[in-house]
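Number of protein chains: 2
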Amino acid sequence: MNAAGTGSPPVRVDVGEREERQLAWAYLSRVVLGPCPALTALIDSVGVREAARAVREHALPQVLRDATARRRDVDTAARDLETIHARGGRLVTPDDAEWPAWRLLGLAQLLPGRDPDGAVPLVLWVRGERNLSEFTERALAVVGARCSTGYGDRIAGEIAGELAARGWTIVSGAAFGIDGIAHRAALTVGGATIAVLACGADRPYPAGHDRLIARIAEAGLVVSEYPPGTPARKHHFLARNRLIGSLADGVLVVEAGMRSGARNTVKWARRIGRPALAVPGSVDSAASAGCHRMIRDGEAVLVTGTADVLAEVAPLHLPCTAGSESSGDGRPSGVAAQILAALPDTGGRWPHEIAAATGMESAEVRAALVALDLAGVAARSDAGWFRSDRAEKGGE
Amino acid sequence: MNAAGTGSPPVRVDVGEREERQLAWAYLSRVVLGPCPALTALIDSVGVREAARAVREHALPQVLRDATARRRDVDTAARDLETIHARGGRLVTPDDAEWPAWRLLGLAQLLPGRDPDGAVPLVLWVRGERNLSEFTERALAVVGARCSTGYGDRIAGEIAGELAARGWTIVSGAAFGIDGIAHRAALTVGGATIAVLACGADRPYPAGHDRLIARIAEAGLVVSEYPPGTPARKHHFLARNRLIGSLADGVLVVEAGMRSGARNTVKWARRIGRPALAVPGSVDSAASAGCHRMIRDGEAVLVTGTADVLAEVAPLHLPCTAGSESSGDGRPSGVAAQILAALPDTGGRWPHEIAAATGMESAEVRAALVALDLAGVAARSDAGWFRSDRAEKGGE
Numbered sequence: 001m002n003a004a005g006t007g008s009p010p011v012r013v014d015v016g017e018r019e020e021r022q023l024a025w026a027y028l029s030r031v032v033l034g035p036c037p038a039l040t041a042l043i044d045s046v047g048v049r050e051a052a053r054a055v056r057e058h059a060l061p062q063v064l065r066d067a068t069a070r071r072r073d074v075d076t077a078a079r080d081l082e083t084i085h086a087r088g089g090r091l092v093t094p095d096d097a098e099w100p101a102w103r104l105l106g107l108a109q110l111l112p113g114r115d116p117d118g119a120v121p122l123v124l125w126v127r128g129e130r131n132l133s134e135f136t137e138r139a140l141a142v143v144g145a146r147c148s149t150g151y152g153d154r155i156a157g158e159i160a161g162e163l164a165a166r167g168w169t170i171v172s173g174a175a176f177g178i179d180g181i182a183h184r185a186a187l188t189v190g191g192a193t194i195a196v197l198a199c200g201a202d203r204p205y206p207a208g209h210d211r212l213i214a215r216i217a218e219a220g221l222v223v224s225e226y227p228p229g230t231p232a233r234k235h236h237f238l239a240r241n242r243l244i245g246s247l248a249d250g251v252l253v254v255e256a257g258m259r260s261g262a263r264n265t266v267k268w269a270r271r272i273g274r275p276a277l278a279v280p281g282s283v284d285s286a287a288s289a290g291c292h293r294m295i296r297d298g299e300a301v302l303v304t305g306t307a308d309v310l311a312e313v314a315p316l317h318l319p320c321t322a323g324s325e326s327s328g329d330g331r332p333s334g335v336a337a338q339i340l341a342a343l344p345d346t347g348g349r350w351p352h353e354i355a356a357a358t359g360m361e362s363a364e365v366r367a368a369l370v371a372l373d374l375a376g377v378a379a380r381s382d383a384g385w386f387r388s389d390r391a392e393k394g395g396e
Numbered sequence: 397m398n399a400a401g402t403g404s405p406p407v408r409v410d411v412g413e414r415e416e417r418q419l420a421w422a423y424l425s426r427v428v429l430g431p432c433p434a435l436t437a438l439i440d441s442v443g444v445r446e447a448a449r450a451v452r453e454h455a456l457p458q459v460l461r462d463a464t465a466r467r468r469d470v471d472t473a474a475r476d477l478e479t480i481h482a483r484g485g486r487l488v489t490p491d492d493a494e495w496p497a498w499r500l501l502g503l504a505q506l507l508p509g510r511d512p513d514g515a516v517p518l519v520l521w522v523r524g525e526r527n528l529s530e531f532t533e534r535a536l537a538v539v540g541a542r543c544s545t546g547y548g549d550r551i552a553g554e555i556a557g558e559l560a561a562r563g564w565t566i567v568s569g570a571a572f573g574i575d576g577i578a579h580r581a582a583l584t585v586g587g588a589t590i591a592v593l594a595c596g597a598d599r600p601y602p603a604g605h606d607r608l609i610a611r612i613a614e615a616g617l618v619v620s621e622y623p624p625g626t627p628a629r630k631h632h633f634l635a636r637n638r639l640i641g642s643l644a645d646g647v648l649v650v651e652a653g654m655r656s657g658a659r660n661t662v663k664w665a666r667r668i669g670r671p672a673l674a675v676p677g678s679v680d681s682a683a684s685a686g687c688h689r690m691i692r693d694g695e696a697v698l699v700t701g702t703a704d705v706l707a708e709v710a711p712l713h714l715p716c717t718a719g720s721e722s723s724g725d726g727r728p729s730g731v732a733a734q735i736l737a738a739l740p741d742t743g744g745r746w747p748h749e750i751a752a753a754t755g756m757e758s759a760e761v762r763a764a765l766v767a768l769d770l771a772g773v774a775a776r777s778d779a780g781w782f783r784s785d786r787a788e789k790g791g792e
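Top line first, the protein sequences correspond to chains A and B.
When we follow the numbering used here, the leftmost residue of the first sequence carries the number 1, and every step to the right adds one.
When we follow the numbering used here, the leftmost residue of the second sequence carries the number 397, and every step to the right adds one.
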């Protein structure tokens, strides 16, 4: 589970070895073109360079022979890395501290047999200067109808703009309609936004949004699990939707027709434990019909504005369950205790701040915070992480 | 529990005795002006004439002394009965076959200590020619904002009109806004409607709806638990709302502000086990804010039109729980078995039709159907009552 685990810090490698490993990840990314649980398992088991060698030589179990046969002889890894670098980007892999392992925990816990499309991504091709993990510490996905109405556009713009102004990152899919409005609202207030694409990160899709995607790559991040040049294919959109849900604390749908892709994003969000929210509208509006159906069926919570959204995705106290990251007397120990000591009782502190204060790696801090949250001794508000009530009781 | 029970048929009395009992009920109705659980208990115990004598003579336990002291010397019973008769009305009491005991079961099961305002009504003053029990066999309450918008008016009119045209009775409070629209929509399609007032049934309240209330009294029913001439008081409206919920199969709210009385009606509906439904609208509309809040908090189910409403209030198969109205081998016996035999396997039959076919009293049929439903062997659809799946299995 190295690829998705949060318990172990990222692998440290020297420059030459790092380059070799990047080439191996890039090669494998083009061979499988998307998530491949069997390949991830092989890499976890033998390492990425040995896995790449096995794929090249077809020395594989049957399940991987089929998945890799078609493109195993295509090695454009060096050119792909050059292409993404030339576009101000990079290849982010589980080797990197930037790898958002804590964000991908939900996907890592899905059963590959039940959710073949729900696997942890192999790699992420990223354009933009921001650190992907830090950029998603506090993030909301805002998605919705391509054929949105003036009503939906206005509500999406208001909520995305208000949350971006409060320091939230707006994650969306760069599509026409609600997606584009949400990205633009974040950019307008000088806020953070991430576009997750169903094609290579170097390709503007849809073409009509080429300028918008260029602006997002400058001010925020453009993310894809497909190597440069990959065209958008139908099944890529469904896989992309799971990443939108994974990279955010919750998914907000502002307008969705009955067959909208936003409903697929909500399905993924629910499967990986993220709250799904939907904005109601006139019962006459076909653009609200999908939202109404999801609310009625209990798939999404009705929200009417920013305050409702914050109440759902950043509650003052997250639900607590008994945890395992503690010593015999119920108190956290080791790294967890250090991080807990660095948390304020009131207000909040973000993982990268705690990392700076304690000298730990951000990835390590994030993983520990998730464990402390599960143990009920830390919680997160709109202002950051803090010690929760049960921590105080536990300390008495 | 005679006043609210469904197990025993209404009391049979001769004409002279009936008149005396009517006078006693009318006298007590004016003494307590609304529901009075302690008085209902006394009547259940000693009978209505003996209870009236005890009230007149102040020969009462302390709890009833206080509740009756103020008006025990006021006896306008004969005049009140004349007034209601002159207005085409009558006093309906638990003595009468028309008394909607099955509709009031939910109220009868509330704890008087916890819900002092939730008691079974003492009597109902009714104007209109229709039989109250038959008229509420298939009924939907449609309530909402007094300051409704064009949007809410249109949706309320559509749903109330469509349901009334299908044979449903529309129950509401004759207020301005959504209430009035719902009544008018039912009248327009020649359908059934009931206005439940917070003042005497002879008084038009609000005054601006005097013509509407007169039309309802002609074509449908105007109902009040207060004697003629009683003015509408603030606490009457809250008590009235519980009756609106009781007399219907569910409560639909079309537009409600955050402080709307419709939310009180929904509270009662939920307390007595009726589904509560709400129509969403623009998040900008203050007239939809109460609906959105109720949907968000899980107090009401989101509905977008008539089909959604029918799915909630007239499901093809009602939820089943183990019942007690059966003989040792699990099959219904006696009256219940007779009524079950009169039910169709497909389609449906209404209680008054079953009563006509079997020669039983409608009230008896209704009470038995509720028990058969609880036992899981009968269920109700939009087309009437039918034998449910479990009945067929039980008969094998």
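Bear in mind the hints are in silico, worked out from the structure with no lab data behind them.
Even for Gly, the Cβ is constructed at its ideal location relative to N, Cα and C.
You may find that some hints are simply not true.
Label pairs and their in silico Cβ distance ranges [claimed, not checked]:
(1) B/482 x A/284: 55 to 63 angstroms
(2) A/176 x B/606: 35 to 43 angstroms
(3) B/693 x A/210: 18 to 26 angstroms
(4) B/550 x A/382: 19 to 27 angstroms
Capping the alpha-carbon separation at 25 angstroms, the derived lysine to any residue pairs in SDA-like fashion look like this [claimed, not checked]:
(5) A/267 x B/707
(6) A/267 x A/229
(7) B/663 x A/298
(8) B/663 x B/479
>> Taking the earlier hints as the rules, which of them does this structure contradict?
In response: 1, 2, 3, 4, 6, 8
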